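Participant: Residues per chain, in single letters:
There are 2 protein chains.
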Amino acid sequence: MDNIPQATVRRLSLYCRYLEKKEVEGGNFISSRELGDGIGTNAAQVRKDLCFFDRFGTPGRGYPVSFLRRRLLAILGIKDQTWRVAVIGAGKLGCALVGYGGFNRQGFEFVALLDNNPEKFGRVYGALRVEDSARLDEIVTRRRVDIAMLTVPAPAAQGVLDNLTAVGVRAVLNFAPANLDIPAQVAVRNVDLAVELEGLSFFLVGLRSRSDNP
Amino acid sequence: MDNIPQATVRRLSLYCRYLEKKEVEGGNFISSRELGDGIGTNAAQVRKDLCFFDRFGTPGRGYPVSFLRRRLLAILGIKDQTWRVAVIGAGKLGCALVGYGGFNRQGFEFVALLDNNPEKFGRVYGALRVEDSARLDEIVTRRRVDIAMLTVPAPAAQGVLDNLTAVGVRAVLNFAPANLDIPAQVAVRNVDLAVELEGLSFFLVGLRSRSDNP
Numbered sequence: 001m002d003n004i005p006q007a008t009v010r011r012l013s014l015y016c017r018y019l020e021k022k023e024v025e026g027g028n029f030i031s032s033r034e035l036g037d038g039i040g041t042n043a044a045q046v047r048k049d050l051c052f053f054d055r056f057g058t059p060g061r062g063y064p065v066s067f068l069r070r071r072l073l074a075i076l077g078i079k080d081q082t083w084r085v086a087v088i089g090a091g092k093l094g095c096a097l098v099g100y101g102g103f104n105r106q107g108f109e110f111v112a113l114l115d116n117n118p119e120k121f122g123r124v125y126g127a128l129r130v131e132d133s134a135r136l137d138e139i140v141t142r143r144r145v146d147i148a149m150l151t152v153p154a155p156a157a158q159g160v161l162d163n164l165t166a167v168g169v170r171a172v173l174n175f176a177p178a179n180l181d182i183p184a185q186v187a188v189r190n191v192d193l194a195v196e197l198e199g200l201s202f203f204l205v206g207l208r209s210r211s212d213n214p
Numbered sequence: 001m002d003n004i005p006q007a008t009v010r011r012l013s014l015y016c017r018y019l020e021k022k023e024v025e026g027g028n029f030i031s032s033r034e035l036g037d038g039i040g041t042n043a044a045q046v047r048k049d050l051c052f053f054d055r056f057g058t059p060g061r062g063y064p065v066s067f068l069r070r071r072l073l074a075i076l077g078i079k080d081q082t083w084r085v086a087v088i089g090a091g092k093l094g095c096a097l098v099g100y101g102g103f104n105r106q107g108f109e110f111v112a113l114l115d116n117n118p119e120k121f122g123r124v125y126g127a128l129r130v131e132d133s134a135r136l137d138e139i140v141t142r143r144r145v146d147i148a149m150l151t152v153p154a155p156a157a158q159g160v161l162d163n164l165t166a167v168g169v170r171a172v173l174n175f176a177p178a179n180l181d182i183p184a185q186v187a188v189r190n191v192d193l194a195v196e197l198e199g200l201s202f203f204l205v206g207l208r209s210r211s212d213n214p
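Protein chains in written order, with this note's numbering: chain A, 1 to 214; chain B, 1 to 214.
No wet-lab data here; the hints were simulated from the structure. Note that the coordinates shown come from a computational prediction; the quantities given were computed from them, not determined experimentally. One or more of the hints may lead you astray.
A pair counts as met if it fits within one copy or between any two copies, since identical chains are not told apart.
Claimed, not checked - With a Cα cut of at most 25 Å, we get these calculated DMTMM-like pairs of lysine to aspartate or glutamate: (1) K92 to D192; (2) K21 to D54; (3) K79 to D132; (4) K92 to D132; (5) K48 to E196; (6) K120 to E138; (7) K79 to E196; (8) K79 to D192; (9) K92 to E109; (10) K92 to E119; (11) K21 to D162; (12) K92 to E131; (13) K79 to D212; (14) K92 to E196; (15) K48 to E23; (16) K79 to E23; (17) K21 to D192; (18) K21 to E196; (19) K21 to D181; (20) K120 to D54.
Let the hints inform the model, and build the full structure from the sequences given.
Facilitator: Here it is as structure tokens:
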């Protein structure tokens, strides 16, 4: 599975979501064209993405909706599986993530919320109390953390990432606007809101200059 | 500027951030190689990205750090410019975004926080009070909103997007896990945490199956 492009994996999530909607509506089969339209891509891309894994479709009938959905959930590792998530950094974003109920339903369970500020220790968010990040090694190991969310300030991010990988965490969702050195065998996904906002700003400047010089 | 790839725009943000760090450290010139290393790309990509805009470098000396940074900030539309942002959906995430102080420093100012739940009206987050999303048209127009952040539940997202674009909003950062129909001349960037988490889950399943079958 090492050779699957990240963009394909991303689309698998979107296919799942569309198939869920389709299943609720009572659809039995779906064409690669409809599935592509549903997530904003084309039929050829759908076929190419799914071919990485299996031959799911029946010529002339399309893909069986609930079978395909269950297979994709299994491929994504979110069928009958709960991943244990620790949030490092109990700032506004970290606490909002822990308090958000949606992830649990999707197979991700929050098991720890850590911070290095003693004033925050013991405060309750969602089902968790803030604990001392000095105990990161022990807590991550004992609670068998699979995935860490990094919501610390940028200058602290690399140190925390190094600590996490030293105790065996292999998957990290990073919200800190930092360029991290990522060890081998570790997956880091970056969610960088400032970069997204700046992309929108760039677009607006372009719009404005076009309307100034029509 | 219509032909600039989104990945290039994204890297411009990262270049700016690295150049800022370099400037603070007192660097005067930087090679395309160092700039590439700093954000995890290579020298050829740096030159290609910057060539879309201008010839910034001097052969043999590299790029002048603070000049390049100021030019990139201007290109991104975040130099001497503040964009006015409305957040639609005063759930946990929406309120956390408004409460987060970092965007303001970066040229993005929150000017409205809307929700359709009367129980939330008047609650204060950051410098804003929650207002009735039924007044979206009036509020967006009067406060000259440039960018909207969509933090509503998925089924509501398309309707809100349509309302926003009808009153002239052209840039949207969407957090709702919905496949939106995006009108022409409107830029939507999606931040989908579930998709990122599922990507990590996919990676972990791959790791696990490799260690089971070495």
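Participant: Look at each hint and say if it fits the structure.
Facilitator: We went through each hint and held it up to the structure:
{"no.": "1", "hint": "K92 to D192", "result": "both (15 Å within a copy, 18 Å between copies)"}
{"no.": "2", "hint": "K21 to D54", "result": "within (22 Å within a copy, 47 Å between copies)"}
{"no.": "3", "hint": "K79 to D132", "result": "neither (32 Å within a copy, 39 Å between copies)"}
{"no.": "4", "hint": "K92 to D132", "result": "both (17 Å within a copy, 24 Å between copies)"}
{"no.": "5", "hint": "K48 to E196", "result": "between (28 Å within a copy, 21 Å between copies)"}
{"no.": "6", "hint": "K120 to E138", "result": "within (19 Å within a copy, 40 Å between copies)"}
{"no.": "7", "hint": "K79 to E196", "result": "between (31 Å within a copy, 16 Å between copies)"}
{"no.": "8", "hint": "K79 to D192", "result": "between (28 Å within a copy, 19 Å between copies)"}
{"no.": "9", "hint": "K92 to E109", "result": "both (19 Å within a copy, 17 Å between copies)"}
{"no.": "10", "hint": "K92 to E119", "result": "both (14 Å within a copy, 22 Å between copies)"}
{"no.": "11", "hint": "K21 to D162", "result": "between (40 Å within a copy, 21 Å between copies)"}
{"no.": "12", "hint": "K92 to E131", "result": "both (16 Å within a copy, 21 Å between copies)"}
{"no.": "13", "hint": "K79 to D212", "result": "between (53 Å within a copy, 19 Å between copies)"}
{"no.": "14", "hint": "K92 to E196", "result": "both (19 Å within a copy, 20 Å between copies)"}
{"no.": "15", "hint": "K48 to E23", "result": "within (22 Å within a copy, 45 Å between copies)"}
{"no.": "16", "hint": "K79 to E23", "result": "within (16 Å within a copy, 48 Å between copies)"}
{"no.": "17", "hint": "K21 to D192", "result": "between (29 Å within a copy, 17 Å between copies)"}
{"no.": "18", "hint": "K21 to E196", "result": "between (28 Å within a copy, 20 Å between copies)"}
{"no.": "19", "hint": "K21 to D181", "result": "between (39 Å within a copy, 16 Å between copies)"}
{"no.": "20", "hint": "K120 to D54", "result": "neither (49 Å within a copy, 48 Å between copies)"}
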